[in-house]
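Listed below are the residues making up each chain.
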Amino acid sequence: MAQFKYSNMEKEMEVYGYDTVIKSHCRMCHGGCGVLIYLKNGRIEKIAGDPDCPINHGTLCSKGIGSTQLAYHPDRLTYPVRRVGAKGSGKWERISWDDALETIAEKVLHYRDTFGAESIVPGYGTGRENEAVIYRFANLLGTPNVLTAGHFCYGPRISTTIITCGTNPIVDYENNPKCIMVWGNNVVISNPDCYKGEPFSQALDKGAKLIAIDPRLTRIAARADIWLPLRPGTDTALAFGMLNVIIEEQLYDKDFVENHVYGWEPFVERVNEYPLERVEKITWVPKEKIQKAARLFATTKPAAIQWGVAIEQQVNCADNNRILLALMGITGNIDAKGGQVLFKTPKINNVGRFGAHAMLPREQAEKRLGGERFRLGGNFAIINPKCVWDAILEEKPYPVKMLFLISSNPLMTRGNANEVYRALKAVEFMAVSDFFITPTAELADIVLPAATWLEMDYIADFWKRHGYIFPRRKAVQIGECRSDHEMLNDLGHRVGQGEYWWDTFEGGLDYILEPMGIKWRDFKKMDYLRGEVVYQKYKEKGFSTPTGKFELSSTLLEKWGYDPLPQFREPPEGPISTPELYEEYPYILITGRRIPGFFHSENRQLPWMRELHREPVVEIHPDTAEKEGIGEGDWVIIESPRGKVRQRAKFFEGMDQRIVSAEHAWWFPEKKDPGHGWKESNINILTSNAYEHCDPAMGATHVRTLLCKISPET
Amino acid sequence: MKSYALIIDNESCWGCRTCEVACKQEISSPEGVQLIKVLEDGPRIIDGKPEFTFRVNVCQHCDEPACVDVCPEEAIFKRDDNVVILDGEKCIGCELCIDACPYDAIAFDSEKGMAQKCNLCFHRVDNGLNPACADNVCPGHCIYFGDPDIIKREIAEKQARRAKEPSKGRSFII
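So the sequences go chain by chain: A and V. Numbering of the first sequence is given in my numbering, commencing with residue 1 and proceeding in unit increments. Numbering of the second sequence is given in my numbering, commencing with residue 1 and proceeding in unit increments.
Hints in this document: simulated from the structure, not taken from any laboratory. Quick reminder that beta carbons are idealized off the backbone N, C-alpha and C, glycines included. Certain hints may be false.
Incomplete in silico selection of chain A near chain V, CB under 7 Å [said to hold, decoys possible]:
(1) Y6
(2) E10
(3) D205
(4) D656
Using the sequences and the hints given, assemble the complete structure.
Here is the structure:
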C-alpha cells in the first residue's frame, strides 16, 4: 500500500473532526482484537482495527465494526425492569438499580437459607468475559452450580488439555506453521477462543499446507491441499485412521514418544483396533485420502491442528479433543516453535484464582449437579444443563429455585429447547442481565441492563491461553447500563460477601494485576502484556500432569472410572446406531455452521448484521432437494423425533447428499410479541439433551449430528 | 496524474463480509443498498474437484464506463485519476446507469430516489486515506488499494508463495 498508511489515526481525526480516539479491545465474539474507537462529542462515530495489536494486526470483522449499532440500538435495555404481568406476558416496569439488586439479594439470601446455596444457579453463555466474576460470586455464596456453555464449548478444550498436557496448546501462527490441519472449524468466520482468522490467513499466504476436515465444503476446504469430507460425528474414528498410518509408517517423533509420553503401548493397541478399512467404512472417507493427509501432517514440520467447537458438541467430545492432542503430541508439534505452544500467561491472579474456586467448601462442591455422572466436567466446575432443568422441574436430587443468567440465552442455545422453556417457566425466581429482553429474558422476574465491551474497563483475554492480556478501556456510558463485573461487585456486598469484593470494580482489576506489581491505572496506559515465550518446556520440567508426561492414556480419567484411552462412539442417532429411525428420518442433520455477523443468538437486531443474512437458512444438496420437492428459497420444514422448525432452503452442492445443514440460535427480535418467534426456526427444538446422548465424562450435549426429515412448507 | 487501483485478490477472500460492513459504516447507505458485496461462486464439483470461491463485487471504475455514457444528467463522471464518481446531487433516479452497468455494481436508493455506487471513498482518498473497505480491515488481506503495478506484484508474490495451482478466483483490476 506503498504511499498509504493503514488506519492513519491522526489523519482520520483531522479529516472527520473526531475529538477523541480510544484504544481498546473488542468483545463481540471471543474477543481480543485491538480496536480504535473514534468519538465526537462523547458519541462513538467509528470503530476500526488497531494496527499495533498483535492479535488482529489492524483488521476486524463485521461484528466488531457493528458494535456501534449494538451500543446505540433503540431497543436496548438501558435501565433495570421488573416483570408486572404473568411470565412471558411482556409486561415490565422500570425500577431503580437499588430496587433491582436489593430484590435479587433478598431472593439469594432467602433461597440460600431455606434450600441451601446449591438451589441458586448463576450462569453465563459464551460470556462477556464475566466468567471470573460469576464463579467468584457463586463460590463465595457456596453454590457449586454455575450454568454455562462450558460443557460443550471451550470447557472441554480446557479440561482435556489440562489432563493430557497441562494447558491448552495454541497454534503458534506468529512462527508460521508449515502445515495446518483445520478440524471442524471455520476459523475465518468464527474467530474461536484464543484465535483470529487473520493470523491463519497470513500463515496460508506464506505457503502453509492446508488439510481440512469438514463435512461441508467451506472456503477453507476448497483452498485445502486435502479435504476430508467425513460422515458427521465420526471425527474420532478418522483421527484413529490417521494415527494408524503415522504409527505403522513410523512417522511419529520417536524421541518424544520414548521420553515424554505416558501410555504409549496401550494407546498403540487401541489405535490398532481401527485399521484403515474399518475407518473408511465408518467415516465415508477413502483410505487413500486418509493416508495422504496423515503423511502430509506428520512429515511437514512444524504442523498444527486448528480445532473447532464442532467436535466438542458431540457424544465423543472429550475423546475428540484427546485424540487430536495425540496427533499433535506424537508428531512432535507440542510446544514446538510454529507448532502448538503451551503459552505462559503473564504473572497475574488468573481466572481460576479470581474465580475463588478454593473458597467453595468441599461439602458444597460434592453437591455439584451431575458431578458424579460427568466427572471430567464436574472436576472443572462445569455442569450439564439438563441437570439444572431436572432439578427445577423434578426437584431431583434437590430443588433449584433461582436462576441468575448473565449474558445467556439458553432457550435458543441449549439442547432440547422445549425442556429449557418448561424449566425457565417453572423456576421460582429468575434474574437476567443482558443487552435486550431476549426470549430467555422474557421469562425472568427482573432484567438488568448490561454494558457492552464499549462501556467497561477490563483486562481482556486474561482467561485465555495465548499468553497475552490487553486493556479494554471504557469509551461511553449508555443509560444506566452496568458491566456484569460492577453489578456483581455491588451484589456481592449486598449478600454478605463484602470483604471479598471492592469499593468499585477497579479494585478487582488491581487484584488481577497485583502479582505483577502494577495497578489498572498503570496497565491502561499499556498496549498489552505477554508472558515469557519458551518452547519445549517439557524437556526440563515435564508436563503438568500427574505422571509429568504427555498422557495418551489419562490417569485422571482412569481414576474417575472412565476408559483412559480415547474411543469412538457412534453418534446417538444415525444410519448405524438407529437404522430403523433412519428409515423414517433419512437425513443426517448437522447444525450450527457459523454465519458472518452473528454470534450464537446475538446480533439479529443490528441492521448491518441482519442485512448480511436476513433469514435462517438450511443447506440441502440439490439432488436431495429435487427428491423432496423442495425449490431454492422455499421454506422447509425440518423435523426430528422431537419436533419441527422452518428454515429457508439453499441449494448446496458441497456436501454429501445424505447431509442437511441447518443454522442455530435463530430468533426474531423484530417480532414484538414476547416470544419473538423463539420456536419457529430454533434448531434446538430438534436436538436431544438426554443424558445417554451426552459425552459420558464431560457432559457435552450432542447437538451437532442428528437425524431429520425435510419437506417443503405447505 | 496519479491513477488509483482497488484490486481484490478473490482467492484470499473467506466470505467474512467485513468489507461490506466497513462500507456501511463509512457511507451509511440504507438497508439493501450495498456498494460492495461478497458473492458466492459455487460450491460445485468440476472434474471431480470441489470448487468454492467468493467474489467481491464492487464498481470497477471502468476505463470506458457505460454508466457515464447513459446518464442524462451528467451525474456520473470519470476523474483524471480514473475514479468514476456518481454525484448524488445531480442524480434524478432514472436508473439508466443501473441497467447499463455490466457488473451489477450500482444500486438504487429508494429512500433518496437516486442511484448509488462506490465512489472509491474519494472523500478519504483525496485526504490521503484509504477507501474504507481497503483500510486494512480485511482479515484475509484480499483488498488492495494504491499503485496498480505495486499491487499486481504483491499479489503475484503471494500467489507464488502459496505454491499452488494458478489463481481460481478472478482478480478485478480497475
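Report task. Report the numbers of all earlier hints that the structure fails to satisfy, in ascending order. Result -> Hint check: 2, 4 fail, others pass.
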